[in-house]
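Taken in sequence, the protein lines are chains C and X. Using my numbering, the first residue of the first sequence is number 21, and each one after it goes up by one. Using my numbering, the first residue of the second sequence is number 27, and each one after it goes up by one.
Keep in mind that the hints were calculated from the coordinates and are not lab data. Be careful, since some hints might not be right.
[Said to hold, decoys possible] Computed list of lysine to any residue pairs in SDA-like fashion (alpha-carbon distance at most 20 Å, straight line):
id, chain 1, residue 1, chain 2, residue 2
1, X, LYS144, C, ASN81
2, C, LYS288, X, ASP100
3, C, LYS288, X, VAL39
4, C, LYS288, X, PHE38
5, C, LYS288, X, LYS144
6, X, LYS144, X, ASP100
7, C, LYS288, X, ARG37
8, C, LYS158, X, VAL40
[What the hints assert, rightly or not] Coverage of chain X stretches by chain C, computed from C-beta distances (three or more under 8 Å per stretch; other residues unrestricted):
id, region
9, 31 to 41
10, 90 to 101
For each residue, glycine too, the CB sits at the ideal point set by N, CA and C.
Chain residues, written in single-letter form:
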Amino acid sequence: MAERKRTHPALARRGTVALRHLALVLVSAAMLVPFYWVIKTSITDENIFAYPPHLLPTDPNLFSYVDVWYLIPFPRFLWNSVVVSAIAIAGNLVLNALAGYALTRNFPGQRWASLLLLSCMMIPFQATVIPAYLITAKLGLLNSYLGLALPLLSTIICIFVFKASFEAVPRSLIEAARIDGLGDLRILWRVLLPLSRAAVATNVILAFTWSWNNFLWPLIITRTVSMQTLPLGLARFLSYMENTTSALYAFVVMVLAPGIVVFLMAQKDFIRGLTSGAAKG
Amino acid sequence: MRRWRQVLGSRFVVVPAALAAIVLAWNIYVTLNAHGIVAGEVVNAAGRPVAGATVTLYRLNFITEVQAGQTRTDARGRFRFTDNHSHLIELQAVEGKRTSPRVTVRLWFRAQDRALGKPLRIAGSGAPA
């Protein structure tokens, strides 16, 4: 009897864990179903409005992907998105690391500078799009790769990710590097950045995702089809290919795939980067 | 050396390198198999080859189709196009007033060499009156 009593808590705990896992599986399934449906439709020629819908793909093939590749300038859109994302990532890493390091140093008005940056986060991009456009036009960067990447070259949230990561490095280490004769830039490059892999990964993923999905800014500053990025291509595709669900979904998968690959590669560091920033408060 | 091995072995290098290798291999395959050759056979309802039938190749878009070439079958009912530049085509054979159904041929890349598995069948031709 006593033995049975002893096993009860263990059984209850196991039951709780099973229930928790069941709930997680259900939530995951609910989140993954739309992805599954998009992929399933992209590899079949069935109409999305077909009734009854088929749960499993019938006669699967990849020809819709071939259609998308050839019937619109997909390689060009892809190249544009890759170039713009690469510029945005490079700009984010350099400028945000420098800004984040500056915010960890003591200087007059440091607190006000941080507050100013934080308050700027509350202004939506749509509100500043006209000044941004005018500045880009003055710089002569309309319809160019650099112009497309310009608003994303530095993002405030990523500056604070770097700041939190740099603040987690012991001051004694930085002081020791300074005694060894290293300047600020070399301290940043040789000491802080190698210890901030998670922050770097977070910057890479966020810069890539924001740049890759950006729609409004490229829509405003591109003048030719040859400079358009994938989200604009998707809108263009949707506007005159409305009856080709499988090709449309194939296009969606092709737009999403690079972002998913980058995220899966860096997700561990990405989560660590975000949570270390959170823990720092 | 150890550091380089660590860098080269990281997933940030391995995954893009694997993708680049796949793309390279695919492009080599495409280069070796993209001569624009589409070959097939035209038969009548009885399955006998039809000589002298006209076969038309249409280039398809999502919303348009353009006639891209025409050829005639030889004595064994065989035809061959050598200048297809599309990845999505339709073929139709005509002999006199009889025609075959249009057959859509989807290719993996532009100008892919392709021999049709099934012949174009001209309905009614050769069948007893």
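Structure versus earlier hints - violations, ascending order
2, 5, 8 and 10
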